[in-house]
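Participant: In terms of this note's numbering, the sequence shown opens at residue 49 and continues consecutively.
Source of the hints: derived by calculation from the structure; they are not laboratory data. Bear in mind that the values here come from a model prediction, so they are computed numbers and not experimental data. Possibly wrong hints are sitting among the right ones.
Below, computed lysine-lysine pairings styled on DSS-like, alpha-carbon distance capped at 25 Å [what the hints assert, rightly or not]: (1) 235 <-> 275; (2) 126 <-> 103; (3) 235 <-> 246; (4) 129 <-> 103.
Simulated restraints, written as ranges between beta carbons of each label pair [said to hold, decoys possible]: (5) 220 <-> 126: 20 to 30 Å; (6) 335 <-> 132: 14 to 24 Å; (7) 264 <-> 135: 36 to 46 Å; (8) 286 <-> 316: 19 to 29 Å; (9) 316 <-> 294: 29 to 39 Å; (10) 133 <-> 204: 38 to 48 Å; (11) 131 <-> 264: 34 to 44 Å; (12) 182 <-> 260: 23 to 33 Å; (13) 151 <-> 264: 31 to 41 Å.
Glycine included, C-beta positions come from ideal geometry on N, C-alpha and C.
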Amino acid sequence: MFGKSKMSGVRCFLTALCLAFMAVSGLSAAAQSNVKFDDGLPQIDRQVSECLRQKGIGFLPRTDVICYNAMIFPDHLKRLKTLPQARRIIFTSSGGNMLVARRMNEELRRRDTPVTIAGPCLSSCAMLIIPGLNRLHIHKTALIASHGITNLGFDDWYVWEHQGRRPSAMQRASASIGMDDDYMFYKSANVHVEQHLKSVGVDVGYINRISDRMSLDARRFRDCLVKPSDYWTIMTPDHIQAYLGRSVVRMERFVSGWSDPLNRAYTHIGVAISDQSYIMHEEYASAGCPPQRSAGASIMASNAVR
49 MFGKSKMSGV RCFLTALCLA FMAVSGLSAA AQSNVKFDDG LPQIDRQVSE
99 CLRQKGIGFL PRTDVICYNA MIFPDHLKRL KTLPQARRII FTSSGGNMLV
149 ARRMNEELRR RDTPVTIAGP CLSSCAMLII PGLNRLHIHK TALIASHGIT
199 NLGFDDWYVW EHQGRRPSAM QRASASIGMD DDYMFYKSAN VHVEQHLKSV
249 GVDVGYINRI SDRMSLDARR FRDCLVKPSD YWTIMTPDHI QAYLGRSVVR
299 MERFVSGWSD PLNRAYTHIG VAISDQSYIM HEEYASAGCP PQRSAGASIM
349 ASNAVR
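Work the whole structure out from these sequences, hints included.
Facilitator: Written out as structure tokens, the structure reads:
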């Protein structure tokens, strides 16, 4: 869904801070969750730690566990398909191509191998890889975040993109028959995700409720407005349980919000606009937003607007 350079910083810290995830203690936002969390498994913890340091796609040394630590592009899917069956796949990705993500989900379901989501699972990983997997394990290191407000109607999208100007009757008519290329491109993300969710028997609320939350957080944030596709929202354990619960065989306490102590290793990647939503630094700066305040101040400001 975005280029490789956008998330180059997301994984660079993992080697140094992987063990910090294991050691974090204290009251997290997830403590308020209704989910009954599972304890970690030492063997899987060690394998996750190793996978987060091992770039690319291949077996962890001296194991029958596949480590997928890469973007989601055609060559990566081809590589995964060349690997023999494994006892487990550890999957971490900052996203990639949505069509490829759908095909990769098919490959993972065909294998029917337990999948452990660890580290960053962002954009198409959260939106298209996770839904539909049958034996899903959410590791304590996971940050699962959706990318972009995907379900705006044409009028709302146009006003957002054109600094408050409303579309003409002609523009509405053109959009209604699919002739507005910019809007159709914007809408394609929602089409891909909804089609995928329906095909694997997951309610479309999985993406649309997150998109609605993202839109609300964006409108409440007083500092600036960026493009609808430039927002991110963290998926909480309760959200995963509500929509994917039948597929989750183990769920450890994982990142549930920006202020969650488990999120400390990720706060460098963007500017929080609420405790669930954020904007990446590059998009925040390129939109002419004011100098970044502390995450806490940003969250307090967004929560003050109703």
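Participant: Where does the structure disagree with the numbered hints, that is, which hint numbers, in rising order?
Facilitator: 5 and 6
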